[in-house]
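K.L.:
Keeping their order, the protein sequence lines are chains A and B. Be aware that the first sequence starts at 1, since it is given in the working numbering, and climbs by one per residue. Be aware that the second sequence starts at 1, since it is given in the working numbering, and climbs by one per residue.
The reader is advised that the hints may include incorrect statements.
Under 8 Å between C-beta atoms, here's a sample of chain B residues computed to sit facing chain A [as the list claims (entries may be wrong)]:
| id | residue |
| --- | --- |
| 1 | P60 |
| 2 | Y298 |
| 3 | F299 |
It should be emphasised that the hints constitute simulated quantities derived from the structure, not laboratory data. We put the CB at the ideal spot given by N, CA and C, even for glycine.
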Amino acid sequence: MNKENSHISSYKDHLMVLSILITLTVLTVAITSIELSAFNTAAALLIATVKATIVLLYFMHLRFDQKVYLIMTVLVLALLVVVIGITVFDYIDR
Amino acid sequence: MENNHLPNYLEYRGKYKGLLGWLTTTDHKRIGLLYMYSMLTFFATGAVLGILMRLELIAPGKQLMEAQTYNALFTLHGLSMIFLFVIPGVAAVFGNFILPIIIGAKDVAFPRVNLLSWYLYIIGAIIVLTSQFMGDGPPDTGWTFYAPYSLKTQTNVVAAVLGAFVLGFSSILTGLNFITTMHRLRAPGMGWMRMPIFAWTLYATGWIQLLATPIVGITLLMIAAERLLGIGFFDPALGGDPILYQHLFWTYSHPAVYIMILPAMGVISEIIPTFSRKPIFGYTALIISSMAIAFVGYFVWGHHMFTSGMSTGSRWIFSFLSFIVALPSAVKVFNWTATLYKGSIRLQTPFWWAMGFIFVFMIGGFSGLVVGSLATDIHVHDTYFVVAHFHYIVFGGTGFAFFAAMHYWWPKIYGRVYNAKIANIGLGIFFTGFNIIYFPMFILGMQGMPRRYYDYLPQFENWNVVSTIGSWIMVTGLIIIITNLLRARKATGKIVDDPWDGPTLEWSIKSPPIVENFEEIPVVTTGPYEFK
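Next up, chain A with everything else stripped away, as it sits in the complex (with noise of 0.2 Å):
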């Protein structure tokens, strides 16, 4: 990417998503505490998802990057569900 197209993002911003992302990394541990059975790893994983999903599109910058890059992102991520999918498909099934 050129210089004129390149974003640059302030300290303001990294500190808010570093903020976010502790807040969320302190929430994982809490939740444990609370008894959601089969739902606590759920959570731990919902939460473990948008943590992910902030670090890719702050800190990885694919919100300001060209969209050809989300795209892509997308797609190998929906490559990853249909094979874990086509996996937990055999344990339904067994």
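Using the hints provided, position chain B relative to the given structure of chain A.
P.N.:
For chain B alone, coordinates are given in the frame of chain A:
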């Protein structure tokens, strides 16, 4: 040639001379050769182990070694051949050497990362090989490290797994490098639909390397974590599921078959038009079929697990998808043979290798339909039929293409031609030996001889004797082939730039190529297979 005054990549003296010059090089051609010679060393190691296994199997009962030694031997044979030879194989050697030239680039996109890939490859190889001598004895799990046995065995599994993990990084970085190179460094005028098929197959391979290899990396770490920390991922006693291991392992390791075979198909797609003097038949279909193999190949891993206890519904799906992936493979074979039709065929050594490839690959492919079909797989699963199928595809496919590529591009690499008569004799002996080793295994498998045992029932003896004799014939051929090529490097005589009248860009430059390949980056105005 206008660039006569520039030193070629073999003569060039950079900051360092001699061995250090090679070990610090970032020239894609030198790195290709680093891969080639290290890979040939590991291939020779694996071949010696294979010969020893065949000697043990020449008769029932103990011949040379105990059962435990045999188990260690076939594990190391698999690890060397799969992780150190056929997976990096054609892509790391000829992808590195030829890809930048064939698309009109000076080097790969990340030359230093390219060298790092080779170092990771060597470090991984050293860890895998030293795992044989460290700890509590060589691993005996087979190259697949199947749980729960790999969790229980007292042998040195963790080191071998770590080695394979490091090798994975080498593969990922090579894939990333090649993909970026093709996106960013194609010569002016070389649109995607003007790229040679070999480049396209490397592109498809690169995506598999990028997307599938991390899965096996994680899986191998899970094995190590379970052994060291007792986490119950796969051990049923700890609440784990051994079939999950097989899912994760094959999610990578089946696409890995396409990492091996796609560049091999690319090599054949270069050789056939050159020696038929015709543009390749169905250029677009070949590209689509490469991408289709890469894509569909991602979803067929379960066909390794039909008898593992996987659900019936899943087995149906995986069997169906496995048959689907046969279609693009068949498209390729059809296009190669159609290219021959009405061609002005030159019966030279690389052409014979390509024909050998098609012959053995077809046998491997058709026998794949037998193991891909649910009903017949039950009968032949874990028998020598699978060993035969596997070797026809992996060794017959990738191995034949590797040697085909060596014979096709050797004059480009060293600027000298080899003795064609000796090369053809070597190929004839190798081809004969190959079929004598592996074809009897189909029969043994159909008769019910299980694989991975150091002993067998007396009724299997005759075909085992034939197979072992085949291994001696094949090795004789191999020695002739390799010696002939190595001797050609030093042969005195005329330096030849293009002995084949090849149509693609690498044949338009000097042999051996200069350091950055082209004095001036070429402007491409036609497709890749235009013959004058």
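K.L.:
Give a verdict on every hint.
P.N.:
Hint-by-hint comparison with the structure:
no.: 1; hint: P60; in the structure: 39 Å, violated
no.: 2; hint: Y298; in the structure: 7 Å, holds
no.: 3; hint: F299; in the structure: 7 Å, holds
In terms of the numbered hints stated before, the structure departs from hint 1 and from no other.
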